[in-house]
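Protein chains: 2
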Amino acid sequence: MKLATLNVGRDGELIIVSRDLTRVVSATGIAATLQQAIEDWDALAPRLEERYAALNEGRAEGAFELDMAALHSPLPRTYDWADGSAYLNHVQLVRQARNAEMPETFWTDPLMYQGGGDRFLAPSADIEAISEEHGIDFEGEIAVITDDVPMAVTPEQAAGHIKLIMLVNDVSLRGLIPGELAKGFGFFQAKPASSFSPICVTPDELGDAWKDGRVHLPLTVHLNGDKFGEPEAGPDMIFGFPELVAHAARTRYLGAGAVIGSGTVSNPDADGGPGKPVADGGVGYSCLAEVRMVETILHGSARTPFMRFGDRVRIEMFDRDGKSIFGAIDQRVVQYQAK
Amino acid sequence: MKLATLNVGRDGELIIVSRDLTRVVSATGIAATLQQAIEDWDALAPRLEERYAALNEGRAEGAFELDMAALHSPLPRTYDWADGSAYLNHVQLVRQARNAEMPETFWTDPLMYQGGGDRFLAPSADIEAISEEHGIDFEGEIAVITDDVPMAVTPEQAAGHIKLIMLVNDVSLRGLIPGELAKGFGFFQAKPASSFSPICVTPDELGDAWKDGRVHLPLTVHLNGDKFGEPEAGPDMIFGFPELVAHAARTRYLGAGAVIGSGTVSNPDADGGPGKPVADGGVGYSCLAEVRMVETILHGSARTPFMRFGDRVRIEMFDRDGKSIFGAIDQRVVQYQAK
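As you go down the protein sequences, you meet chains U and S in turn. Residues in the first sequence are numbered consecutively from 1, following full-length UniProt numbering. Residues in the second sequence are numbered consecutively from 1, following full-length UniProt numbering.
Hints were generated in silico from the structure; no laboratory data involved. A couple of the hints might just be wrong.
Since the list can't tell identical chains apart, any single copy or any two copies may satisfy a pair.
Heads up, simulated SDA-like pairs for lysine to any residue below, C-alpha to C-alpha not over 20 Å straight-line [said to hold, decoys possible]:
#  : residue 1 : residue 2
1  : Lys183    : Arg95
2  : Lys183    : Ala100
3  : Lys339    : Asp148
4  : Lys183    : Arg98
5  : Lys183    : Asp109
6  : Lys183    : Ile238
7  : Lys339    : Ala152
8  : Lys323    : Pro203
9  : Lys276    : Asp148
10 : Lys163    : Pro203
11 : Lys323    : Gly225
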């Protein structure tokens, strides 16, 4: 099943989207919002699935054409947004670029930070930034939405609480990160509002590509219209989503609608070294920081700039037949203007 | 005006509480929940104030007796829970206990971490913990609730977005903190669900005690029935709430219902040294970690244990006439049992 949220009001309005992303039908009478649906998922999902089947078969009453521009992130806001960093290749590069070793425990104990979930951006909304000096970056990631997760669940139990999958642009202000991390309390101002793919899908929509709690497909990232990366999201994700959800729930209950992110998708090169740019025959990257780290390791300093006002990033995922699964996050960076 | 939330459903039910905390009346017909009220505060607050006036004058229809045990935290969940650490005396003690200097920038750039807001505890709910080895601690704090806050507001502008004030127990698992902070991403498992005072109040309820964006009253903390601390919340709060809200909003918009915390209330001793225990004529502390740091500084090691299963903490604030303003957070620690 594919779901989306019309960009109206604080929580939007839940709609059901056809598998081929052409037609939609309102979820009215079942759930007004995705938050409402996820809070009572076991009872409501079968009814949504029924309407989804009718939509795909062309027999849903009141169906209309999908307008991607009318969509918000599936959850325009959430009570819990926690982002992992499960592609340790990315973490290793960060460390390598500053000549630091990655602790051995990183292979067994997931990295995760708590994000702010109060005002997500729409997938096509401008990213407002105060200054280019803040080092504006995108991070292409995958995220899951859970229902209520009991405290201290095992990864096996956590797997059953993963109800929906989507893509993320975890907007990051790289220039603010060193200062914030030095303070010891983690990210805050360096992680402004994230955006999510216009469509979220149930795991079964991914078929064989959903395996071991990972999405085994490449994530496609374009920067100003040029392909910037197409890293594989499956093999190098050291912790699967069930492990990430269990990590988040170790000492507390997660409320329905919790969004757990994978961290920046990242692959080492086939030869085990740092990944190569697309232009050099590599799979590229899903954030600018990574190409800059690779440049620093190879050439002593970064050459690729961070995003400038007017720059545009597009994040999408295609199935093995080349069809877009989630629709695209497609955002331009603009200078913040006081209102 | 004093508001509270009946503990029913995920968001509870908004009620209005009399100034003397004896009587309540439903907010029905104005707002079903506090979240709904804060989202449309300018329109709804005057109507709530009107009913509050009627309640205090004994002429509110349908008023009934206040039952503290029936209350949840004012916001049982929120989209944004960000906690500062504005009492730098506490931060200095942490550093001193491990022979580290506090950076000069800490005096000008607030510390703040992003918490999880999906499942707050009720003020009288048990604190479930997996193990005493996790170093179970309370943190007595003050917090404010804002309406929608634009990005990049000044502290002067932020002050106008502070609509409600309450107390917090920022439950902390001290044993998990060093490991998490060493990973560099900040707190996560070390900060399980917080709880809040049963009543939240508009700033005018504090009269002269609300000044410079700070609450100038002592915070009273009892541990297992014994007074553990009565630190003054006003003078040693280095950053007032307007500064903390502006810090939180520097690179992003805050959604209505954002909760911004002060950090552990903490005073140095009158002689400028580390604060003394109540038994030694000092004002005591609002968390166990602090007395342990003072013990470490004075005696080389901590003597006071963290909380054990069965231990109880009570956090309250009284006005200058000795009347409870917010009601009490009163919680027992219990061992988590898998359900």
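>> Tell me the numbers of any earlier hints that the structure contravenes, in ascending order.
In response: Of the numbered hints, just 9 does not hold.
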